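Given the coordinates of chain A, assemble chain B onto it according to the supplied hints.
There are 2 protein chains.
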Amino acid sequence: MAKDKKFVKEITSMEEDFAQWYTDVVKKAELIDYTSVKGCMVIKPAGYAIWENIQHELDRRFKETGVENVYLPMFIPESLLQKEKDHVEGFAPEVAWVTYGGLEPLQERLCVRPTSETLFCDLYSKEIHSHRDLPKVYNQWCSVVRWEKTTRPFLRSREFLWQEGHTAHATAEEAEERTIQMLNLYADFCEEVLAIPVIKGKKTEKEKFAGAEATYTIESLMHDGKALQSGTSHNFGDGFAKAFGIQYTDKENKLQYVHQTSWGMTTRMIGALIMVHGDNSGLVLPPRIAPVQAVIIPIQQRKEGVLETAEKLEAQLKEAGIRVKTDATDKSPGFKFAEQEMRGIPVRIECGPKDIEAAQAVVVRRDTREKITVSLDELAVRVQEILDTMQREMLERARAHRDAHTYVATDYDSFKKTINEKPGFVKAMWCGCRECEDKVKEDVQATARCIPFEQENLSDKCVVCGKPAKKMVYWGRAY
Amino acid sequence: MAKDKKFVKEITSMEEDFAQWYTDVVKKAELIDYTSVKGCMVIKPAGYAIWENIQHELDRRFKETGVENVYLPMFIPESLLQKEKDHVEGFAPEVAWVTYGGLEPLQERLCVRPTSETLFCDLYSKEIHSHRDLPKVYNQWCSVVRWEKTTRPFLRSREFLWQEGHTAHATAEEAEERTIQMLNLYADFCEEVLAIPVIKGKKTEKEKFAGAEATYTIESLMHDGKALQSGTSHNFGDGFAKAFGIQYTDKENKLQYVHQTSWGMTTRMIGALIMVHGDNSGLVLPPRIAPVQAVIIPIQQRKEGVLETAEKLEAQLKEAGIRVKTDATDKSPGFKFAEQEMRGIPVRIECGPKDIEAAQAVVVRRDTREKITVSLDELAVRVQEILDTMQREMLERARAHRDAHTYVATDYDSFKKTINEKPGFVKAMWCGCRECEDKVKEDVQATARCIPFEQENLSDKCVVCGKPAKKMVYWGRAY
Chain A
1 MAKDKKFVKE ITSMEEDFAQ WYTDVVKKAE LIDYTSVKGC MVIKPAGYAI
51 WENIQHELDR RFKETGVENV YLPMFIPESL LQKEKDHVEG FAPEVAWVTY
101 GGLEPLQERL CVRPTSETLF CDLYSKEIHS HRDLPKVYNQ WCSVVRWEKT
151 TRPFLRSREF LWQEGHTAHA TAEEAEERTI QMLNLYADFC EEVLAIPVIK
201 GKKTEKEKFA GAEATYTIES LMHDGKALQS GTSHNFGDGF AKAFGIQYTD
251 KENKLQYVHQ TSWGMTTRMI GALIMVHGDN SGLVLPPRIA PVQAVIIPIQ
301 QRKEGVLETA EKLEAQLKEA GIRVKTDATD KSPGFKFAEQ EMRGIPVRIE
351 CGPKDIEAAQ AVVVRRDTRE KITVSLDELA VRVQEILDTM QREMLERARA
401 HRDAHTYVAT DYDSFKKTIN EKPGFVKAMW CGCRECEDKV KEDVQATARC
451 IPFEQENLSD KCVVCGKPAK KMVYWGRAY
Chain B
1 MAKDKKFVKE ITSMEEDFAQ WYTDVVKKAE LIDYTSVKGC MVIKPAGYAI
51 WENIQHELDR RFKETGVENV YLPMFIPESL LQKEKDHVEG FAPEVAWVTY
101 GGLEPLQERL CVRPTSETLF CDLYSKEIHS HRDLPKVYNQ WCSVVRWEKT
151 TRPFLRSREF LWQEGHTAHA TAEEAEERTI QMLNLYADFC EEVLAIPVIK
201 GKKTEKEKFA GAEATYTIES LMHDGKALQS GTSHNFGDGF AKAFGIQYTD
251 KENKLQYVHQ TSWGMTTRMI GALIMVHGDN SGLVLPPRIA PVQAVIIPIQ
301 QRKEGVLETA EKLEAQLKEA GIRVKTDATD KSPGFKFAEQ EMRGIPVRIE
351 CGPKDIEAAQ AVVVRRDTRE KITVSLDELA VRVQEILDTM QREMLERARA
401 HRDAHTYVAT DYDSFKKTIN EKPGFVKAMW CGCRECEDKV KEDVQATARC
451 IPFEQENLSD KCVVCGKPAK KMVYWGRAY
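These protein sequence lines are chains A and B, in that order.
Residue numbers for the first sequence follow the UniProt record's numbering, beginning at 1 and rising by one.
Residue numbers for the second sequence follow the UniProt record's numbering, beginning at 1 and rising by one.
Bound conformation, chain A alone (with noise of 0.2 Å):
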């Protein structure tokens, strides 16, 4: 057993070092590896597999609402980046320059895409002309790059993946409309698939997107108490139709500009699935979001019958619906224990000689390893029922964790102490001005969340400056 101790022990505990625990779980899961080109990253096999996951069923319900896939270049001309004024100020520092082709020197520097709303402009002033061409709600699977100087695996990278919607509505309400359903989308995606809560609400005139009137965010809370933007929807009024020229003939026969939104989520998300319910043995995938749901672990495999009646299990789950792989390799079964752990398969079932004779199994979740023995004739019954258990289950303890991490400040005193000895959400009123966000930010280095939808008053002045307040707020360090 000293090599399956090892493969545990390699990893640095969660309350001794969070951020080291962080790392050593996205490589000894293997999800991720480092490369030659700096601030970069690998997403092997068992990371990638999961953003496949998290593509399908987004896309699923992209599609349900109206959403098209489409491609466009992932070179943008310096000169179309510059049309909106606040979008280029918001990017420019932080893209890549393309200034070669070949052996020749660019006439014009291109910027690799850090996000695509100029090109979606350029495409849609040549496309919309009508109201009959409205609304236009096209989205793409990409890869985008910001020149971060520091980088973390999956939570900041110099290239990373994600999906950007961009939509062209005929009125100011309906693209507020479509900005709000994106976020539910979002947030409800992220609840019933990924089991993380998440507040929705508005961000804060200092936080919003480069370019954007309203943006709009879901925020979660990781296990360490520090707060991660889980994705965001944007309205953009008329402010790039206004600067890239994109108008339509309404049906009175007049010229009006478009209303448009984007919304995105990225593969940070992979970061919030593993800060939000990995432990000390390694990752906990949700059942709906893994990859594999189930594994089979034959005990003393070389015994007659025992890869048989695994097989046979193997193919019972598969027929059912169910994610399931055996490991029959020569390890030792608690070596196969620990990497199951690791790795966050939602179950093992472990299946011996003594367990075919009493014609059972063991089920284990990883999540709370319980150890539930079940009869064979209902395998595939029963790790269904296990596994929704588990992710309804997995959701109400991060919410609960959540919730017993949400603190309320109603001075500002209290409100430092709270941001510096609690790690979690501080809820607090706000009166609505900039300065009182930059001393927050100097103070106690915390951000305005989001100004959730659901407001409570807590009281009538603002936490910080003691003025007249206007708004709840969630304040909190995060990623």
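A portion of the hints provided could be inaccurate.
Since the list can't tell identical chains apart, any single copy or any two copies may satisfy a pair.
DSSO-like cross-link-like pairs, simulated, lysine-lysine; straight-line CA separation at most 30 Å [to be verified]:
hint : residue 1 : residue 2
1    : K254      : K331
2    : K136      : K331
3    : K312      : K470
4    : K325      : K126
5    : K441      : K303
6    : K149      : K126
Keep in mind the hints are simulated off the structure, nothing from the lab.
Remember, predicted model here, so these are calculated numbers, not experimental data.
Frame of chain A, contents of chain B only:
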């Protein structure tokens, strides 16, 4: 009907100008649009949906053979690209270079991947240590960039979408087996799904991939008699392994180099679909790849019961697994017919008041324009039969076209005359030397498309130089 005619009239006929016909179809079927970025295209919803179906079908077939998907960075440091000599010589002249990250010049230039052999090798050199780590069978779906001087939608653009598989094996035999396995997979996919018949064979030394020991290819013939390389599978031997130091310890504890392969298929297959199956009314999509397989067009749709019937039929067909839409817009039926034809939707289902009275609908095949009256009771079953027949006949027709445009030449004069006057493949014997290939290229601008697996002995002499022949080769002009 004036408007309907105009819609169709805007396409140049393929007999008049095939290149212009192709561009017209690409634009009018709304597959692609040009962008502000020279040589880069937008793949629009109708085009991207075809690519999604290609991806879905190929990915399923890959995974059945044990392929695992990953994602590697889009950037390659210049020093890494230079590690394999032939490879860098082949690609350096046509790569895009990133020289700035944000406001700072980079210490080392990064090229935007034209292909990812070097990155996969870099990864494998870190991941592979023991024979237990083999084989590695990775694939990625991504875009790549090649700085082409002249571009054409789908066929040749500065950025295109593809998949690139990269594998590492313990032995040369295993690598060769995987190379051929993937070539066969591509060939089956082309014939079964795209209804495009292919010639399987080996590339000559002159035409093989930069850095490969052997390149295998599937070659297809377009309607205008030009060849299209439709998928390639490369056996690298241990050349990259030696350049990148990818070694493993075998069962006898000896250090060995791995043997590698790579294989790819791209969005140019959408171009192939257009050029193999299209006609003067537009695109014709084989049912198995068509995003929409059937469109219901209600006739006199304002009359009572027409739209209700259309709705019911749509639900029935959907239930039967047919990808179906109803066009209930206020355009005229004639306009809708022309649109369905332009977009290549395999069948349209016409249904008006008289049809409903007779409990029937008229199904019109896109390829033959055959009109089939079908009882509403059995619509779903009959439409599926018609789609299956159409899929089969499209492949047969493409094969007959190719065979009718495949010629034999046994002397150089008739060889040149055939190439110049009869667009298609020319089968002819070859001595195996580079000089003869160069002479053919110079004299008639044709290339050795492949040395087919199915060899024939047409004569004893090389068609070019008259020296003893070694192989039969398919020659042709190519896209």
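Identical-chain pair category, K136 with K331, by Cα at 30 Å | between (54 Å within a copy, 19 Å between copies)
Up to 30 Å CA-CA - K331 versus K254, copy category = Between copies only: 22 Å across chains, 73 Å inside a chain, cut-off 30 Å.
Intra- versus inter-copy proximity for K470 and K312 (alpha-carbon distance at most 30 Å) = neither (63 Å within a copy, 53 Å between copies)
When no copy is named, should K441 and K303 be tagged within, between, both, or neither for a Cα gap of at most 30 Å?
-> neither (64 Å within a copy, 66 Å between copies)
Quick one: K149 to K126, C-alpha cut-off 30 Å, is that within a copy, between copies, both, or neither?
-> Close across copies (25 Å), not inside one copy (37 Å); limit 30 Å.
Can you give me the call for K325 and K126, within, between, both or neither, at a CA distance of at most 30 Å?
-> between (50 Å within a copy, 26 Å between copies)
Figure legend: structure checked against the earlier numbered hints; hints not met, in rising order: 3, 5.
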